[in-house]
Amino acid sequence: METGFLGVPDVDGVIFLGLTLISLCAAFVTAVSGSAGGLLLLGTLALVFPPTVLIPVHTVVMLGDSVSRAAILWRHVLWAAQLPFFIGAALGALVGGQIFVTLPTATLQVILGIFIIVFTWMPKIASTGSLRGRFSLIGFTATFVGMFVSAVGALVGPFVGAACPDRRQLISTFSALMGLVHLCKLVAFGLLGVTLAPYLPLMAAMVATAVIGNLIGSRVLNRIPENAFRLIFRLVLTALALRILWLAARNAGIL
1 METGFLGVPD VDGVIFLGLT LISLCAAFVT AVSGSAGGLL LLGTLALVFP PTVLIPVHTV
61 VMLGDSVSRA AILWRHVLWA AQLPFFIGAA LGALVGGQIF VTLPTATLQV ILGIFIIVFT
121 WMPKIASTGS LRGRFSLIGF TATFVGMFVS AVGALVGPFV GAACPDRRQL ISTFSALMGL
181 VHLCKLVAFG LLGVTLAPYL PLMAAMVATA VIGNLIGSRV LNRIPENAFR LIFRLVLTAL
241 ALRILWLAAR NAGIL
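Residue numbers (this note's numbering): 1 to 255.
Treat the hints with caution; some may be incorrect.
[Said to hold, decoys possible] The calculated label-pair distances, taken between Cβ atoms and stated as ranges, are: (1) D10 with K124: 40 to 50 angstroms; (2) L6 with W121: 43 to 53 angstroms; (3) G7 with W79: 19 to 29 angstroms; (4) I212 with T3: 38 to 48 angstroms; (5) A46 with G253: 18 to 28 angstroms.
Source of the hints: derived by calculation from the structure; they are not laboratory data. Note that the coordinates shown come from a computational prediction; the quantities given were computed from them, not determined experimentally. Positions of the beta carbon are idealized from the N, C-alpha and C atoms, including for glycine.
Turn these sequences into a full structure, and let the hints steer you where they fit.
Now the structure itself:
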């Protein structure tokens, strides 16, 4: 492992700059579409870092990204969903941390992909039961799955979409909930002994540019018609679900 730009291992100045710009773009994409930004960032980081570094670094950056977006749009957050979701997320991180490497990835991806498609296009199913019950369950599931695959915003999105009639409420609530997911995961990674200190300069720079992306994206969000946003939101979630199913087939050796 070589020490690179600002002491970040195996990262030179060009890669450092490129990752900060990708972080800005990813934040903007999430701010205007509700999802996909996390996956864009994850895919880019995967070109640079091994999995043992990739998921924790992605988690830290997405925590800063999500919290800053929720702070910008805090007036629209559905606060009633936060505590139940947090309780579920904490339990999910605890359980996921205990069995970090024992679940077959392909099976998990098939279940995840199918669930996302069903809940995205059948919102009445995603709004079944009490709000507290739904969000405590999805909090547990999202954080548990996130210990294995990291980018799980597509799983949370359909439930937030069903509960939030306004696009700004959807984006702000989604961001606050994902912040809780990433926080719980980060605590779990810390308990597992993951050390991220050498990557602090890079993560700080990526969070800073994510804030800029969120500021720009929130302005664009205010100008998007509600119907157009809902269509974009559903199409993006569906595309992410199909990608997860494709990865499941590849991991299972079918493709």
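Beta-carbon spacing of A46 to G253 - inside the hinted bounds 18 to 28 angstroms or not: holds, 21 angstroms
Verdict for I212, T3 (Cβ pair) under range 38 to 48 angstroms: Given about 28 angstroms between the Cβ atoms, the range is violated.
Cβ distance range 43 to 53 angstroms for L6 and W121, holds or violated: holds, 45 angstroms
Supplied distance hint 40 to 50 angstroms, evaluated on CB atoms of D10 and K124: holds, 48 angstroms
G7 paired with W79, Cβ distance criterion 19 to 29 angstroms: violated, 40 angstroms
Violation of the numbered hints given earlier is confined to hints 3 and 4; the remaining hints are satisfied by the structure.
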